[in-house]
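Asks: Spelled out from the first residue to the last, the chains are:
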Amino acid sequence: MALRRIAFVVLALAFLGLPGWAGRVALILDVGGRGDLSFNDMGYKGTEEACAAFGWEFVDIQSATSADYLPNIRNAARSRRFDLIICVGFLLADALNAVAPEFPDQKFAIIDAVVPHPNVLSIVFEEQEGSALVGALAGMLAAHYGYPYVGVVLGIEIPVLYHFEGGYRFGIDWGLQKYAQVTGKKADVGLLWVYTGTFSDIAKGKAAAEAQLEQGAVAVYNVAGPLGIGILEAVSAKLAKEGREAGPPFMIGVDANQDWMGDGNKVVASMMKRVDVGCYTAIQMVHEKTFRGGVLSLGLRNKGVAISRYPDLLEFIDFGIKAGVITEADRGRIIENWKAMRAAIPQWIWDAVDELEAKILSGEVVVPKPTTREEMLAVRARYPLVR
Amino acid sequence: MSRLGQGLRPLVESLIAGLIGLGVGALIMWAWGYNPWPAYRVLFQESFGSTYGLAGALANATPLILTALAFAIGARAGLFIIGAEGMMYMGALAAVAASLPRLPAGLHPLVSLALAALAGLLWGLIPALLRAFRGVHEVISTIMFNWLAHFLAFYLVANVLVDPVRAEKTISVARTARLPLLLRGTDLSLGIGVAVGCALLAYLWLWHTVSGYEVRAAGANPEAARYAGVAPRATVLGVFAVAGALAGLAGAVEAMGRPPTYAVYSGLTNLAGFGFDGIGVAMIGRNHPLGILPAAVFYGGLQAGARLMQMWAKVPFEVVRAVQGVIVLALALPELLRILRRLGLLRRVRRHA
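Keeping their order, the protein sequence lines are chains A and B.
Heads up: the first sequence is residues 1 to 387, going by my numbering.
Heads up: the second sequence is residues 1 to 353, going by my numbering.
I should point out that these hints are in silico values taken from the structure, not numbers from a laboratory.
Don't be surprised by glycine CBs; every beta carbon is placed ideally from N, CA and C.
Don't take each hint at face value.
Covered, in the sense of this in silico footprint (three residues per stretch, anywhere, with C-beta under 8 Å from a C-beta of chain B), are these stretches of chain A [claimed, not checked]:
(1) 31-41
(2) 66-77
(3) 193-199
For reference, chain B alone in the conformation it holds in the complex (with noise of 0.2 Å):
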């Protein structure tokens, strides 16, 4: 029974954090005017209730679930990187990038793929190194790298990988680079593949190896694990690569397999946020990889869902944000309080110590 109930615990609460968000959401459209019952209805019934929807629920969860994945992997050791958005941007970029040469088809998307990856991974290493060697808090220097990103990205955008005769966008992905759709008519690609094969290795490594092992140990306890034997440095630079790489391949999953451009767009507006609503999907998911499979589905289908509130319900945009937030804040918050309940925690152990 213990075990059980501890499973199913954290289950229980996103379930009640959930439906206090539903009820906030709804007291936020009735406040506003507008009908709440109509709008839920549309909300999952058209987001799940039909293959069109769930495909675009999937679609909008492939990205999400791999930039989920980069936060909880450096959450599990104890690191707080909140750089996946950079590092999906320069992924998104290489994989452009990889269209410029000529490649067989079935090789050119594994290609995009790995320097996607690669890029990624790069873009970390400067914070992994300060990090590692210098004690920088990566929280500062992962935000600083955004920014960073940020600018270079659109400095790339518009200068280095333009289209030519299309100056709002990059060049597009080749077609023998794209990642094909699985459904007609919708946009779910053969990204959800890379996004959940990469959930599914990630809980592998960190559940069923030893250097998962040591990771999640100097996430639970530095010192322990640092006694015990593990290398703290090589810790930190592993989990950086593996988040960077992740990151990267997000972007890539989105510049490769969303229809209809398959390009990075002036101003980054089909990247930008996916970075961010990785923390929110990784909060919701605990963490941990098969709870940020079905927290990044969720999440994607509140998104798909909240374009046809506007349309069936009409509830204004500005609303339908509003109700998303509240919802997701809601479902993130027993996660971030376990968090502060730790760092609170942690303090009074060190005063009785």
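The shape of chain A in the complex, shown without the other chains (with noise of 0.2 Å):
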């Protein structure tokens, strides 16, 4: 009896008192880093899930330079201490194609870029189909508001961004033909875009999102990361000037849910990239012993991209409460202002984005995705959108 109790406080101990990590992860993020409430801490949130789900000791590096990509996913692989490392970002490419061949037996996953060797999991998504809905969402809001322009701050002019860009411009011709067939009206609305070259400068997203506000676009879709706080800041800044709480304009989120932001009546939507998902499955493979180098694409079908709704923004309240950016005491508030926001909106608006969903998830709709240079010269040809 004595001697099964010693045994069960000695398991006991070695359970509890132990290390006892089931695997361990390192998270690698570019210049971008922590604290944009999008791209890099949507990575961070399915990355600290997934740990806590199956065990496992997490680690982040950020990158101060691009200089520093290089260096800091060799190091981790040096180590030998990860059984996964995760690069978060295209702009970490080019050096995880350098390391991934140096160290074989390193399991790689990647964030938004292929990179081609068998010990590297690229997890890309199909950014143009939660593009579109929101394009068409903003298309139809600047013909029913009457403002001339919806507008759109992109990052660096990368391959990835060539999606949303793409998504964005098919979805808001939708959104207008859409509009002409219920109303039988027709809407000449344009399309004021930039890229900013930067994922990491906030003031030049609120500097864009400014100009394109003054000229009268009825919503700014964030596609810069953390440029969406400069962005919010804008809209925020043309509403008190208007003596408004709540838009048009709007802001539209970007990769994580953003509708918290702002109060809750300054974000219309977001289009929803789960790289929280990418980074958690990616984990969980390696978990499950069924990791295998190659592509995960993931789309509106499998829940990767998304045009946010209710229950996400639930989610997403808690997110914001962890991030220490609102309290518990705002939970309540950002609700009630939020769904005053979108009971403002006409409900044949929202109809026809589900109904383009429907669409697309049938396949009855294709929605174009640039990758290269002259593939998003040949869209922005046929969708040109200017007044």
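Got two chains here, each in a separate frame; can you build the complex from them with the hints?
Replies: See below:
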């Protein structure tokens, strides 16, 4: 009896006392870094959740300059401590491409790029699908509220961002046609778009959004991660100047659900790109020993991208509280504001967005997915959206 | 003893300042709930305790040596040139542009470096002329030129030198023009040779030639130097030219020598900061070419070790950067105080006169 008790205690101690990690993952971020409330924080969120679920240890490594990418990945691989190294972002692709063959036994995953080595899981998203949905919404909003433009502020010109821009253009055009079909009126709406050349300079996001709002953009789509913080400042300032709290004009969020930001009534919807799901899946695959190199594509059909809805709002209010941007006391007000904001927009617009989603899912509508500059130029020529 | 003592004094000062910096840094980590000892052990062991770590430190030091020299030579001449940042951008882009024509492998790097030096030099020309002929203070003009360079470089990266298939960066430097890696599996390139060579040349120029002596004389006491026949305008122009060329080279060695991309990224994320970090390095190195060498290696090691502090000691990036900043500030303090003291002294002298 006593022996059994001792054996039990020893066993319990072995499980509790020793650092009994089931695995260890390194998350390597680009210069955008933590605190963007979108892309990078989503990678962090999914990794954290997976580590909690599977009992893994988690180390995140941020980069001060892009010269850090290669050493950061190589350091992590050299240490031989990690069961998986996740590189969050297209900009890390060159460095991973150099390091992956140096460490053939090390498992890697990368978000937003295809790095063709057998030990790399490349996780890519069908951003054009979600962007088409928010584009349709923006187009219909501009037409409905009588704004001359919709806007988008993009980061660095990378293939991934062409997906966003291409989908957005297609969606705006679809939304304007829908508006004409529903109301019998033709709206003259143009697109204001700018590549800021940065994923980290928040002030540039604010300046770009200010310019678009001044010209009469009904909504500014954030396709630049952290720059959304600046875009939201511009939207809030514009609303304050007009003596209102709720949009229009709006921001359209990206990557995370950003609807909760700005008190819940300034971000009309978000194009959620579930980087968190990508990271979670990669860790799960290693944990369950099903990891294989190759491409994992996440789109509307497997909830890798989506337009934000009510349950997402609740999930991401928690995300905002955890980030320390809002507090528990804000929850009720944000939910009320959000519901009022969405209710102020005619139901047919929301129905039309659902219709487009169903048509993309059924394959009836195919959204263009430009990846090269030439393809992008062709999409721009097809949907010029100039007034 | 007195000469030896004079030589040792800066070393002792730096040592004390460094220890104070480390102490404050440890306090910061402790205050945020991180154990400073494993963090510092990683910082120094990993950046100076192995060949791989040292290679990382030297790779980071490479552009910093050159931008620090650019600042230090100005400071020796009594000029406060903080335009190395912009000159460095221009140098990097010139080095990239030098890959447009096809050239033989032996010649290509030399042509690229020469063009980069020329680009940096030309970028400093207008502030130099403004200073020499109109008396416009170089602090103001070089800050403004940094911003001009920033936006011009953004434009050139996105529109002129852009990689036709990958819009997030410029074209990559041609293989024939790259500076070869000195150690496989690291990012240390022959650029370190360029940087150290420039430091030695700068030392020989400043301390072993007549024109170098004149530069230092102009810096120590411009009135006396003019009285002794040193042409002030020629000195300003010459010093700006050398500083511009050095800063241009800093951009070039980074673009031509840093794997894996060998290009300038949109947003200048692989260049931004070298010019300003160089000022810190120059201060730590007492604005002396031979002091700058160990200062830059130390600074580069801090950067390399900081990457590993996140990984091994789990100290978050923001805290690592705060600690880094405190150490650098502490090390730069003695030189900063000396400059301030000299300014104070100047005022007192004037009042007596």
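Asks: How does the coverage statement for the segment 31-41 of chain A fare against chain B, requiring three or more residues with Cβ below 8 Å from a Cβ of that chain?
Replies: With 3 residues closer than 8 Å to chain B, the segment 31-41 of chain A meets the three-residue bar; holds.
Asks: So is the segment 193-199 of chain A in contact with chain B by the C-beta rule, three or more residues under 8 Å, or is the coverage claim wrong?
Replies: This one holds; 4 residues, not fewer than the three required, reach chain B with a Cβ under 8 Å.
Asks: Can you confirm whether chain B covers the segment 66-77 of chain A, using C-beta to C-beta distances below 8 Å and requiring at least three such residues?
Replies: holds (count 9)
The structure shown violates none of the earlier numbered hints.
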